[in-house]
Amino acid sequence: MEAEGIVSSRRTETNFSLGRFQLRFLDDGNLVLNSMNLPTKVAYDAYYTSGTYDASNSSNSGYPLIFNESGYMYILRRNGLREDLTKTALPTTDFYHRATLNFDGVFTQYSYPKTSSSNRSWSPVWSEPENICKFNSIWGSGACGYNSICSLSVDRRPNCNCPQEFSLLDQNDKHGSCIPNSEISCKDNGQNSSEELYDFVELRYVDYPSADAEHLQPQNEEQCRKACLNDCLCGAVIFLGKDCWKKKLPLSNGKLDSGFNGKTFIKFKKGYLPPGNPGLQIPETKTGRDIKFITGIVLLVSSVFVNFILISTFCFRSSFIHRNKVANVRGENNVQSNLRSFTYKELTEATEGFKDELGRGAFGGVYKGTIKTGFTDFIAVKKLDGVVEHGEKEFKTEVNVI
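In the working numbering, the protein residues as written are 1 to 402.
Hint data in this document are derived by calculation from the structure and do not stem from the laboratory.
One thing to keep in mind: the hints can contain errors.
Lysine-lysine pairs mimicking DSSO-like chemistry, simulated, CA-CA at most 30 Å apart [stated by the list, open to error]:
1. 226 x 269
2. 174 x 263
3. 248 x 263
4. 134 x 114
5. 270 x 174
6. 270 x 246
7. 383 x 355
8. 248 x 134
9. 345 x 355
10. 382 x 368
11. 345 x 382
12. 270 x 41
13. 187 x 134
14. 248 x 174
15. 383 x 345
16. 382 x 355
17. 345 x 368
18. 248 x 226
19. 270 x 242
20. 383 x 368
21. 263 x 134
Using C-beta positions, here's what the derived DEER-type ranges look like [stated by the list, open to error]:
22. 154 x 37: 26 to 36 Å
23. 258 x 59: 37 to 47 Å
24. 1 x 154: 21 to 31 Å
25. 5 x 259: 30 to 40 Å
Ideal placement from N, C-alpha and C gives every residue a C-beta, glycine not left out.
Please build the complete structure, drawing on both the sequences and the hints.
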């Protein structure tokens, strides 16, 4: 590749149309990687530079980029010296080599074994830049799309994730821009207070170093949050130490950085339920899953126990009420006296089958009988005939009077 040569990335992993990253060899002798605007193709700031430009002596500057048949890539300076890009030794005779500007902006050299006995796949040999997530550009969205958060994988390739309360603009482009799930508008002012309408999603170790609207100092965390909450044009705020940076949407150059000690607060409208977008989440550990499982079992057993107590109490109460009702009914049927009660069988035996009728009165006949209580006592037994409810009450009254 000579001066002014350009290699462009594809749009996505499966879309081979023009992407937004470029590898360019500049006139000054530098090899650079940069993002660009689509569709105008205006180049943005470089996120990698070979450093092969010498302003004091042009003979020290690079001229062509060479990728030879041995698999080594280097920049040849005008004075004949080499600036190696391939830093490691290569098993050149047994492998094929290729260099690719990937859709995510990482420039990588790969090797592929020639023999079938080896693992036949393209393996990365080296790549640039070392960490594309650290790339900050005045223009454009950064390594990922607008509002997205860049995190580096073990193979030095970027992962892009939407924060909570945001979703992908294009579901087929995971490295693309994210859009808010709810609208933040100045039209809401006057209807309710800002505290009633909006809240924040707090993100730790996440930084958006660009798109500052205001820098407030000194501020505490609560003052910083309120400054954004009461500003209808503020979409996010970053608090670090006593500094507060108000942000406007869309956010750019978002990155996950374990060394960042500030807090990022992204404003969202209350009352909106996002469509299952998890955002950046810490993977749940086995212990966390076990705790949730045990908690669920405890809640289930507790629920069954409480239901058992409630049902038992209800049954006991119903049984108690029923017994009281039966007792009351029996009490109403009892004659108010201290006389002994007899069964129908006992009275039948005492009167020898109601054989000797002494006379007939109201409601039935009166029969002679005997009972044995240590002595032989004669009794009169009145047998009711066809007594209705009203007649039974009159009979009870009659007996009570006696």
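Open item on the list: Name the hints, by number, that the structure is in violation of.
Closed with: Checked against the structure, the hints that fail are numbers 4, 12, 13, while the rest are satisfied.
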